[in-house]
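Trainee: The residues making up each chain are set out below.
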Amino acid sequence: MSNSISDEQFYAELQRLPKPRYPFPDFMHPDFQQQREEYYDWIDREYILHSKAAREKHKLHNLTDIAARGCPFLRTLEELRPLANYTANGAMMDDYWDRCSRNEMNEVRKRIVALLNGEDTTEPTDNGIFHQFWVLRQDAIKCCMPERLYKKYIDSIHNVLIGYTEEKVYYRANIPPPLPVYLIIRELTSGGLPFCKYVSMQKDYRQLPDDVLAHPHILRIHTICALMIGMHNDFISLPKELRREGDTMNLVIVMQHAHKVPIEEAYTMALEFHDNHLKEFMLLHEHLPAFGECQDTVYNYVQDLGIMVAGVYAWHTNDTSRYVNGGYVDGEYVSQD
Amino acid sequence: MPARFTPLPDYPFIDAITEHEAQFRQEANLWYDTDYAFMSKSTLKRYKRMDLGRVAARMLPHTSRKECNTPLNRFTIWITIMDDYYELATKKNLEALRVRVADLLMGEKLTADDNGILHQVAKTRIELAPHVPDRWFERLVADMNSYIIYGMGGESPYKISRRIPPLAEFMIIREWSIGVHPYLHLVEVENDFILPEYVARHPTIHRLQDLISRLSGWQNDFYSLEKELAIDHEMMNLITVIRHEYDISLDEAYAEALRIHDADVAEFVAIHAALPDFGIYQQEVYKYVSYLGVLIQGLQKWYQLDTHRYDPDGFPKPEFGSSQID
Chain A
0 MSNSISDEQF
10 YAELQRLPKP
20 RYPFPDFMHP
30 DFQQQREEYY
40 DWIDREYILH
50 SKAAREKHKL
60 HNLTDIAARG
70 CPFLRTLEEL
80 RPLANYTANG
90 AMMDDYWDRC
100 SRNEMNEVRK
110 RIVALLNGED
120 TTEPTDNGIF
130 HQFWVLRQDA
140 IKCCMPERLY
150 KKYIDSIHNV
160 LIGYTEEKVY
170 YRANIPPPLP
180 VYLIIRELTS
190 GGLPFCKYVS
200 MQKDYRQLPD
210 DVLAHPHILR
220 IHTICALMIG
230 MHNDFISLPK
240 ELRREGDTMN
250 LVIVMQHAHK
260 VPIEEAYTMA
270 LEFHDNHLKE
280 FMLLHEHLPA
290 FGECQDTVYN
300 YVQDLGIMVA
310 GVYAWHTNDT
320 SRYVNGGYVD
330 GEYVSQD
Chain B
0 MPARFTPLPD
10 YPFIDAITEH
20 EAQFRQEANL
30 WYDTDYAFMS
40 KSTLKRYKRM
50 DLGRVAARML
60 PHTSRKECNT
70 PLNRFTIWIT
80 IMDDYYELAT
90 KKNLEALRVR
100 VADLLMGEKL
110 TADDNGILHQ
120 VAKTRIELAP
130 HVPDRWFERL
140 VADMNSYIIY
150 GMGGESPYKI
160 SRRIPPLAEF
170 MIIREWSIGV
180 HPYLHLVEVE
190 NDFILPEYVA
200 RHPTIHRLQD
210 LISRLSGWQN
220 DFYSLEKELA
230 IDHEMMNLIT
240 VIRHEYDISL
250 DEAYAEALRI
260 HDADVAEFVA
270 IHAALPDFGI
280 YQQEVYKYVS
290 YLGVLIQGLQ
300 KWYQLDTHRY
310 DPDGFPKPEF
320 GSSQID
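Chains A and B supply the protein sequences, listed in that same order. The C-terminal position of the first sequence is numbered 336 in numbering that gives the first Met the number 0, with every residue numbered one higher than the one before it. The C-terminal position of the second sequence is numbered 325 in numbering that gives the first Met the number 0, with every residue numbered one higher than the one before it.
Honestly, the hints are just simulated from the structure, not real lab data. Careful: at least some of the hints might be erroneous.
As the list claims (entries may be wrong) - Computed cross-link-like contacts, BS3-like style, restricted to lysine-lysine with a CA-CA straight-line distance of at most 30 Å: (1) B:K90 with B:K158; (2) B:K91 with A:K151; (3) A:K278 with B:K158.
Work the whole structure out from these sequences, hints included.
Mentor: Take a look at the structure:
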């Protein structure tokens, strides 16, 4: 794609369009800097498969900050690690395997799931991404993550990987999916669901029983959070995705394709769609089911889900390197299919 | 039923009924006179007029294994009667019920305390066990638990306090209170194809199941609207909730409800047309999803042609915890 002046102006125009706003404060975990240092170290040790340029770009993105902002109330760095690991490696694997086939991604998914649930206990000696997921399990055990919460956490990571698998079909064909299919896939690939599960590691939320954490009302709130994260990512990354062939999993592009409207109009429709989800979140927060003596704890848990979404968004608006022209790491894995 | 509100829902799905429909009806009548005989005469009379034997005959018409027809019919009738019977049960009573149903479905033996409904649950387990793996029962029990806790239990606070919930909250409760989530596992038996774990847990399959559950809730609300308007304390009907939410007329609320319903149908059709690649299982999964559509179509036909459940005086009183049994 050409980089003429008019293109630049076009993208600058896009960036001037209104952005999502959240009525929640955002915070950052006090150990974020230490977590960053560990992250740089992972990249230097584990990501030797990637080019030097890709590694340096990844460092600039400070991907572990997303975890530090999403769950700022975790008690220790030990507790932050399993979330930071998933966040950074999930994002980097998504970049790395960007152009692999659906079948290849399916094999990656199976291996990661086996490492996370302990079916495969052998420490991987190959590709750093697999090794990092093995480390994630060890770190979760070390920080005494309750097994019940760990199971929910890795089940939701499994769903993220299913999302990465299913989106390949649309990337390869270079066509946006119909809106209902986008919603299923984007809820997964936004990576928001594991964050929703991990929010329960904060404060005293781990005491909440499964009747609360698996309640359809709470699960709907999780879905809304994951979709809002996917959508706000779509708004920020739109200029990058319009430049790149095959980046079709973006709500604005889906709306444009479905309604045959100019991009600005599609953007407005997409933002309204996002805002309706935010309204639903606020309403469900104020109308929680009767949870008896847990009522206040559940109310605060949902409040912290809102803070999580605002925190992830703050990473997007504060990080000025990932979604600018040339800042993104292109998929270096060459498909064998 | 007289169509006071129109148009009625319409579906692009196949309409079918099993060739064994006479058997379904005979079985139902036999069970009313035996396991269900502990209920009052007037309740049993109402059930006989409802023609519940036609529900499974229309919702699961393609069952290829003949010996599965009886347990599918049996399940359909006990889940309906259980929902009516325990309508006014307390949270504690519902929890006791949930545990008992789960244990019986996982193969525990009956005790002297179990009522006729639970006897029917136990028989369903025994009849289905040769045809389905344990993991199928585990998935069924997980959804049955959610239905009893969140579905049967979710409506009662509003019914007791006579409040109408906000639409967004109502939609979550209604998806579970209609009781169709656990019921959808029967479609795997009908299709003679138990979904492999990867398919059963796939978010696309879950979304399709959610949509069918929602649709059956909306559909029930359309067909029970007149009965519910007559009794004047039904807080949990989509049309009533919409009317309250937007402060609009009944006709406008009906139109909006139909719009929500139709959007769900369109979403279901779009996802069915773009199913993920399930490899060697593709054809079976595609057929399973088609049968989900057949189910909702069949249920509509039952409302339209067979039942008197929603006629004035057609609905049984909840007997559990009630002292006024005639």
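Trainee: Now look at each hint and say whether the structure bears it out.
Mentor: Tested hints:
1. B:K90 with B:K158: 13 Å, holds
2. B:K91 with A:K151: 27 Å, holds
3. A:K278 with B:K158: 26 Å, holds
No hint from the list above goes unmet by this structure.
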